[in-house]
Amino acid sequence: AQTIHQWPVAEIKAVGSPLSLGCTIKGKSSPNLYWYWQATGGTLQQLFYSITVGQVESVVQLNLSASRPKDDQFILSTEKLLLSHSGFYLCAWVVGNTLYFGEGSRLIVV
Amino acid sequence: QQKVQQSPESLSVPEGGMASLNCTSSDRNFQYFWWYRQHSGEGPKALMSIFSDGDKKEGRFTAHLNKASLHVSLHIRDSQPSDSALYFCAVRPDTNAYKVIFGKGTHLHVLP
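Here the protein sequences come in this chain order: G and V.
Residues in the first sequence are numbered from 1 upward in steps of one, following our numbering.
Residues in the second sequence are numbered from 1 upward in steps of one, following our numbering.
With the rest of the complex left out, here is chain G:
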């Protein structure tokens, strides 16, 4: 079975501090992976996508970066958090023609 795991589930971080969010996919080789951001109750904004190890494409600039260090892993990070980074971060992958999401990481920046 194919599974997607995101970590951490939730974080409270200070403005200016670093951040690292992770996503691991099991059960599929060479998946296309995506990061989305969602403000509370808002729409889903695509941030990055990656189709292979070491390659990441940026869709929108939000002072965030992403990396694909392994085939089954996708990392979202920044060195300095802003208040505007608060929200729900979702990792997703494609099965067939459909995007499937993980359970998300909730980030509160204070």
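Possibly wrong hints are sitting among the right ones.
Only part of the chain G face toward chain V is listed, based on derived beta-carbon distances under 8 Å [stated by the list, open to error]:
| id | residue |
| --- | --- |
| 1 | Asn32 |
| 2 | Thr43 |
| 3 | Gln46 |
| 4 | Tyr49 |
| 5 | Ile51 |
| 6 | Gly54 |
| 7 | Glu57 |
| 8 | Val59 |
| 9 | Val60 |
| 10 | Leu90 |
| 11 | Asn97 |
| 12 | Leu99 |
| 13 | Tyr100 |
| 14 | Phe101 |
| 15 | Gly102 |
| 16 | Glu103 |
Hints listed in this document are in silico derivations from the structure and should not be mistaken for laboratory results.
Ideal Cβ placement from N, Cα and C applies to all residues, glycine included.
Got chain G; can you put chain V on it based on the hints?
Chain V alone, transformed into the frame defined by chain G:
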């Protein structure tokens, strides 16, 4: 830039009633429409995809696509309180197979 417009923003229906949600793409060049449902605190779950004109039915959910008007609707019959959630429409443009654009969502409230 392609936009996805959803209406209404919020919808309340009685339990057992029919809920109808609407979505329009601003760009004629798309490949697929999807409907997603998100319960509070969870990741969105894919409900169904549609790319051919006409109806597609899955259980209590029916999607209807009109490519000429770039409009897709989702109808939920016999609505249940567990259907209360945020519903998103999403579109993948022809120009980028790795881009999926979401609308702002419709908040559905099913009243017991």
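Here is how each hint holds up against the structure:
1. Asn32: holds (7 Å)
2. Thr43: The hint holds - Thr43 (chain G) has a Cβ within 8 Å of chain V, the shortest such distance being about 5 Å.
3. Gln46: With a minimum Cβ separation of about 6 Å from chain V (threshold 8 Å), the hint on Gln46 (chain G) holds.
4. Tyr49: Hint holds; Tyr49 (chain G) Cβ to chain V Cβ min 5 Å, cut 8 Å.
5. Ile51: holds (7 Å)
6. Gly54: Hint violated; Gly54 (chain G) Cβ to chain V Cβ min 16 Å, cut 8 Å.
7. Glu57: holds (7 Å)
8. Val59: Because about 7 Å separates Val59 (chain G) from the closest Cβ in chain V, which is inside the 8 Å limit, the hint holds.
9. Val60: violated (11 Å)
10. Leu90: Result: holds, 5 Å to nearest chain V Cβ.
11. Asn97: Result: holds, 6 Å to nearest chain V Cβ.
12. Leu99: holds (5 Å)
13. Tyr100: Nearest chain V Cβ about 6 Å off; hint holds.
14. Phe101: holds (4 Å)
15. Gly102: Since the shortest Cβ distance to chain V is 5 Å, the answer is holds.
16. Glu103: Given a least distance of 5 Å, the restraint on Glu103 (chain G) holds.
Checked against the numbered hints above, the structure violates hints 6, 9; every other hint is satisfied.
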